[in-house]
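Going down the list, the protein sequences come from chains A and B. Basically our numbering = 1-based index in the first sequence + 1. Basically our numbering = 1-based index in the second sequence + 1.
Some hints could be false.
[Stated by the list, open to error] Now the in silico label distances, taken between C-beta atoms and shown as ranges: (1) B:Ser163 x A:Leu124: 31 to 37 Å; (2) B:Asn193 x A:Glu304: 45 to 51 Å; (3) A:Glu304 x B:Asp64: 41 to 47 Å; (4) B:Asn193 x A:Asn130: 53 to 59 Å; (5) A:Arg236 x B:Ala26: 31 to 37 Å; (6) B:Asp230 x A:Asp126: 49 to 55 Å; (7) A:Glu157 x B:Gly263: 43 to 49 Å; (8) B:Ala17 x A:Glu304: 52 to 58 Å; (9) B:Glu249 x A:Asp64: 51 to 57 Å; (10) A:Asp307 x B:Glu104: 43 to 49 Å; (11) A:Asp64 x B:Asn195: 27 to 33 Å.
[Said to hold, decoys possible] Which residues of chain B face chain A? A few of them, derived with a C-beta cut under 8 Å, are: (12) Cys27; (13) Leu30; (14) Ile85; (15) Met86; (16) Gln90; (17) Ile108; (18) Val113; (19) Phe119; (20) Cys123; (21) Val133; (22) His151; (23) Thr292.
It is worth saying that the hints were derived from the structure and are not from the lab. Remember, predicted model here, so these are calculated numbers, not experimental data. Virtual Cβ for every residue (Gly too), placed ideally from N, Cα, C.
Protein chains: 2
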Amino acid sequence: MDLHTYLEQTADQVDALFNRYFGSACDELGRASAHLLLAGGKRLRPALLLLAADAVKKGSSADVMPAALALELTHSFTLIHDDIMDGDQVRRGVPTVHTRWDEPTAILAGDVLFATAFEFLCLADAPDNAKVRATSLLARTCVEICEGQHLDMSFEKEEDVSEGDYFKMVEKKTGALYAAAAGIGSILAGGNPNYTDALYHFGQGIGMAFQIQDDLIDLLAPSEVSGKDQASDIREGKKTLIYIKAREKGFDLSQFRGEIPGENVEKIISRLEDLGVIAEVQGIAEDLVRTGIRRISILPDSEEKDLLKELGSYFVRRRY
Amino acid sequence: MDLHTYLEQTADQVDALFNRYFGSACDELGRASAHLLLAGGKRLRPALLLLAADAVKKGSSADVMPAALALELTHSFTLIHDDIMDGDQVRRGVPTVHTRWDEPTAILAGDVLFATAFEFLCLADAPDNAKVRATSLLARTCVEICEGQHLDMSFEKEEDVSEGDYFKMVEKKTGALYAAAAGIGSILAGGNPNYTDALYHFGQGIGMAFQIQDDLIDLLAPSEVSGKDQASDIREGKKTLIYIKAREKGFDLSQFRGEIPGENVEKIISRLEDLGVIAEVQGIAEDLVRTGIRRISILPDSEEKDLLKELGSYFVRRRY
Numbered sequence: 002m003d004l005h006t007y008l009e010q011t012a013d014q015v016d017a018l019f020n021r022y023f024g025s026a027c028d029e030l031g032r033a034s035a036h037l038l039l040a041g042g043k044r045l046r047p048a049l050l051l052l053a054a055d056a057v058k059k060g061s062s063a064d065v066m067p068a069a070l071a072l073e074l075t076h077s078f079t080l081i082h083d084d085i086m087d088g089d090q091v092r093r094g095v096p097t098v099h100t101r102w103d104e105p106t107a108i109l110a111g112d113v114l115f116a117t118a119f120e121f122l123c124l125a126d127a128p129d130n131a132k133v134r135a136t137s138l139l140a141r142t143c144v145e146i147c148e149g150q151h152l153d154m155s156f157e158k159e160e161d162v163s164e165g166d167y168f169k170m171v172e173k174k175t176g177a178l179y180a181a182a183a184g185i186g187s188i189l190a191g192g193n194p195n196y197t198d199a200l201y202h203f204g205q206g207i208g209m210a211f212q213i214q215d216d217l218i219d220l221l222a223p224s225e226v227s228g229k230d231q232a233s234d235i236r237e238g239k240k241t242l243i244y245i246k247a248r249e250k251g252f253d254l255s256q257f258r259g260e261i262p263g264e265n266v267e268k269i270i271s272r273l274e275d276l277g278v279i280a281e282v283q284g285i286a287e288d289l290v291r292t293g294i295r296r297i298s299i300l301p302d303s304e305e306k307d308l309l310k311e312l313g314s315y316f317v318r319r320r321y
Numbered sequence: 002m003d004l005h006t007y008l009e010q011t012a013d014q015v016d017a018l019f020n021r022y023f024g025s026a027c028d029e030l031g032r033a034s035a036h037l038l039l040a041g042g043k044r045l046r047p048a049l050l051l052l053a054a055d056a057v058k059k060g061s062s063a064d065v066m067p068a069a070l071a072l073e074l075t076h077s078f079t080l081i082h083d084d085i086m087d088g089d090q091v092r093r094g095v096p097t098v099h100t101r102w103d104e105p106t107a108i109l110a111g112d113v114l115f116a117t118a119f120e121f122l123c124l125a126d127a128p129d130n131a132k133v134r135a136t137s138l139l140a141r142t143c144v145e146i147c148e149g150q151h152l153d154m155s156f157e158k159e160e161d162v163s164e165g166d167y168f169k170m171v172e173k174k175t176g177a178l179y180a181a182a183a184g185i186g187s188i189l190a191g192g193n194p195n196y197t198d199a200l201y202h203f204g205q206g207i208g209m210a211f212q213i214q215d216d217l218i219d220l221l222a223p224s225e226v227s228g229k230d231q232a233s234d235i236r237e238g239k240k241t242l243i244y245i246k247a248r249e250k251g252f253d254l255s256q257f258r259g260e261i262p263g264e265n266v267e268k269i270i271s272r273l274e275d276l277g278v279i280a281e282v283q284g285i286a287e288d289l290v291r292t293g294i295r296r297i298s299i300l301p302d303s304e305e306k307d308l309l310k311e312l313g314s315y316f317v318r319r320r321y
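Okay, chain A solo, but in the shape it has when bound (with noise of 0.2 Å):
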C-alpha cells in the first residue's frame, strides 16, 4: 500500500470512531468537546502510533487503535487550549471553540479531552504493565507540550532567540507528541526496550521537521494553496527558523512585524532564498528526518517500516 492510500484509510477509520463515540453529544459541553474532533484532520498522529505498532508487532494495529484515538485527543486538546492563548479565531476551516462557545468553555472542552485520552489509552488491548508505561510517557509528554507552548509565547517579547532555544521548544511543542506516538505504539505492542527508544526518536525527529517545513509553508504557500494567510508568522514576529537564520545573516525579519502588503511578501522571499535561508531551513528539516530514518533501521524490514520511512520524507515534503 503506498502512503497517500494508508493515510486516507487510517483518517477514514478514525473520523468514523470519532463520529461514534463523540459524534451524538447532548449537552452543550459534549458537543464543545467533539466540535474540533469532528473537524476532520490529517490524523497523522495517530498513523504514526499504528505504523509503530504494527512495524513491531504485526497485525496488532487493531489492539491499539484506542491509544491511537488518544493521541488525537491529546493534539486536540492542545489545539483548543493553544488557540485561546493565541486569540485565533479559525481552525481546520470550522469557528475555533472559545469563538464559536465562551473562553470558560472552551478551557473545559480542552479538559474533557485530554481526560478522555486517558481514559482510551487505558481501553487498549495490550498488557497492564505496557498501559502504565504508556500512560506516564503520555502524562510526561504532556507537561512537555505545556512547556513548549509556554516557551513558544515568552519568545514573541525576546529579538535574540537563539538556534539552541528554538530546537528546545520546538522539540517540547510539536516533537515529544509525535514522539509519544510513535513510542506508545511501540510500547502496546510489545516492543522491545531498543525498538522503543528508536521509534520514539524517530517520531521526535520527524516531528520537529514537521514543525519546521509547517513555518516553511507558512511563508512560502500562497493563501490559495494553504488556506492560512501567508507569512503570518512574520506579521506576528514569531521567531521560527527561518527568522533566527535570516538573523544571523543580518537580515532582521522583526522590521516587518504588523502588516506586510502582500507584493513584498514575494520581496522577503527572494531576500531569504538569495541568502540562502530557506534551502539551509529546509536542509535542517530534511537532515531531522534522515536522521530519525537511521534510527528505526534496527526494526525488522516490513511494509510498516517502509511506511514509516515514507512517512518522515512526506514530512518535509508536503506543500500544505
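We have chain A; now place chain B onto it with these hints.
Chain B alone, transformed into the frame defined by chain A:
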C-alpha cells in the same frame, strides 16, 4: 489517633512532598504550576485516599502516597482553571495564578498539574492492573468535574434550577473527586470490588455533603472566621441548595443579587431560619454523610474505618 491529629500529620506530609517535588522550579511555568500547591490547604482528598487504603489493607498508605498526591494535583488543576472562569482574584490567601501571572500561563499551569497527576498515579507501589483501573477512574472523574463546573456556570443564567439539577451538579463537581479518592485508595490497596464500591459511594456522599456545608458556611460564617466574603453566593446569584429550598418556600434570594449591605445578611439569615431552610439544608448534608457511613459498614473494623466515619461527620460539623 484523633482525626484532627491525623489530618494535621497528613497535611504536613503532603506539604513536605510538594515542597520537595515542586519547591525549586527554575522557570516561570514551573513556578506558576507550583504556586497554589505550595500555598497549603487541608489536603482532605489525600487524607481520604490514604485512610481508604489503610482501611482496606493495613499499612498500605505509604505505598499509595503518590496517588494521594495525584488527587491533590487534580484538585489544584481544577481550582486554577475554575479561578480563570470565575474571575477570582485570591485563593488560599495568595493571588490566583492568572492574577499573579496571566491567563495563558494559568491555563498551561493547570494543564501541567493535570498531566502530573497521571504521572504520580503511575508511581504508586501497586499492581499494574490496579494502576490501570485507577487511571481510568481518575480520567472519568476529571470529565465529570468538567461537566459539573459547566453545569454550575450554566445555572447562573437560569432562575429555575431544581433540587435534582443541583444534586447532579454537586455530585459531579465535588462528589466525584472525593469518590475517586476513596475508590482509588481501595483499588490500589487491593480492596475487593465490594469494598471499592462502598468506599467510592462513601466518598461521593461525604463530598457532596462537604459542598453543601461549604454553601452554609458562605452564608453563616462572618468574614473574620471564614476568610471569605460573607454571603458571596447570594450576591453572585449562585444556585445553591439554600437558594433552591428558599425559593420553594416563596423566598426568592435572587432579589439580593448584586450588592447586599452587611446588616441585610443577618435579616436574610433570620428569615431563612424562620422558614426552616437552614435546618433542612443542614439535614440533607447530614443524611448524605449518614448514608455514606452506612455504606462502609461492610469494611472490617479498624482505627482507619473509625477515622473515615469521623471524617464524614467532620465534613458537616466544620464551621470554616
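Item checked: Violations among the numbered hints -> 4, 12, 16, 23
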